[in-house]
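Please put together the full structure from these sequences, using the hints given.
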Amino acid sequence: MTIGSQIAWDDTVLPFQLDRSDIRGRVVRLDGVLEEVLSKHDYPPQIEALVAEASLLTALIGQAIKLRWKLSLQIRGNGAVRMIATDYYSPPEDGEPARIRAYASYVAEDLAPGAAAFDQLGEGYFAILIDQGQGMVPYQGITPIAGGSLTACAETYFAQSEQLPTRFALSFGQSTANGATHWRGGGVMLQHMPKASPGVAGEGGSGEGGLLQHHDLLEGDEGENWTRANLLLDTVEDLELVGPSVQPPDLLVRLFHEEEPRVFEAQTLRFGCSCSADRVRESLSIYAPEEIAEMTTDEGILTADCQFCGAHYEFDPATLGTGAGSGDA
Numbered sequence: 168m169t170i171g172s173q174i175a176w177d178d179t180v181l182p183f184q185l186d187r188s189d190i191r192g193r194v195v196r197l198d199g200v201l202e203e204v205l206s207k208h209d210y211p212p213q214i215e216a217l218v219a220e221a222s223l224l225t226a227l228i229g230q231a232i233k234l235r236w237k238l239s240l241q242i243r244g245n246g247a248v249r250m251i252a253t254d255y256y257s258p259p260e261d262g263e264p265a266r267i268r269a270y271a272s273y274v275a276e277d278l279a280p281g282a283a284a285f286d287q288l289g290e291g292y293f294a295i296l297i298d299q300g301q302g303m304v305p306y307q308g309i310t311p312i313a314g315g316s317l318t319a320c321a322e323t324y325f326a327q328s329e330q331l332p333t334r335f336a337l338s339f340g341q342s343t344a345n346g347a348t349h350w351r352g353g354g355v356m357l358q359h360m361p362k363a364s365p366g367v368a369g370e371g372g373s374g375e376g377g378l379l380q381h382h383d384l385l386e387g388d389e390g391e392n393w394t395r396a397n398l399l400l401d402t403v404e405d406l407e408l409v410g411p412s413v414q415p416p417d418l419l420v421r422l423f424h425e426e427e428p429r430v431f432e433a434q435t436l437r438f439g440c441s442c443s444a445d446r447v448r449e450s451l452s453i454y455a456p457e458e459i460a461e462m463t464t465d466e467g468i469l470t471a472d473c474q475f476c477g478a479h480y481e482f483d484p485a486t487l488g489t490g491a492g493s494g495d496a
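In my numbering, the protein residues as written are 168 to 496.
Worth flagging that the hints you see were computed from the coordinates, not collected in a lab. You can trust all of the hints, since none of them are fake.
Calculated pairs, DMTMM-like style, for lysine to aspartate or glutamate (alpha carbon to alpha carbon, straight line, at most 20 Å):
#, residue 1, residue 2
1, K237, E263
2, K237, E329
3, K207, D472
4, K237, D261
5, K237, E260
6, K237, D298
Per label pair, the in silico range of CB-to-CB distance:
#, residue 1, residue 2, range
7, V430, G376, 35 to 43 Å
8, A282, G346, 30 to 38 Å
9, E404, A231, 22 to 30 Å
10, E458, R421, 54 to 62 Å
11, T402, I468, 52 to 60 Å
12, L398, A344, 30 to 38 Å
Since the model is a prediction, treat every value here as computed from it, not as a measurement. Glycine is no exception: its CB is placed at the ideal position from the N, C-alpha and C atoms.
Right, here's the structure in full:
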């Protein structure tokens, strides 16, 4: 394998289907995207882990949304970590890259040293939001934070809200090459094809608090196929997920060759933020003049920073607030 072929799979999502099992899925590799997402902030290790996990989930889930707008994850908790937010912007045109951004809001002094990253969230909810643009009603689905990881929350979301058995296997971390350290991540998503009349066996689910889990939704031959595919996915190794030595098509053959995997066109990914001076100005237009005055510095300017990319904006307070004009910043 050449270096070029390794790099070609960085920052991509590869859709596939297991024809024998009626299961679809995706393989993701994040290299430059994950590095850029995390380099925008000086996060402690627990926060880096949560943002990396959420970014991988967003790339895997977002690619399945056939629209020309945005899918978002929002995880809100009452612990040291108050919110993790990610956005997946679908390609504006075929052949162009999709864009991902992410950030976390947390109270540094409340972080518990040595505690698992997920435990820093406390109680709260995991939500998926789909915004199809102006004139369309946004979609939002919510499930409680449960299961011990963001990955488990995402699996519960699809089982509980969409009645779709879904499984994720993720790995991420920092690697060193040629003396430089950078982030890499990868993952596989399996999802049973939708049924015409989905049903649930028994009352409630086997998850925390009676929530449905992916294995609660299937029985008979479908259940056996799903169990077999999951057992095969259990054999995946971290280095196979993050790459770059194993290419995604080769990984699928190694894991699922008896399931007859069929791949589709890969989607490239890039870090991308939608912030701009005009967007920030618009968000500030809801404030009354006295509120604008409170936010103004002693130097007579109002500043705003993008939480996703760190972009810094400065405005003349006289042009902001309720009823203010929307001239260029």
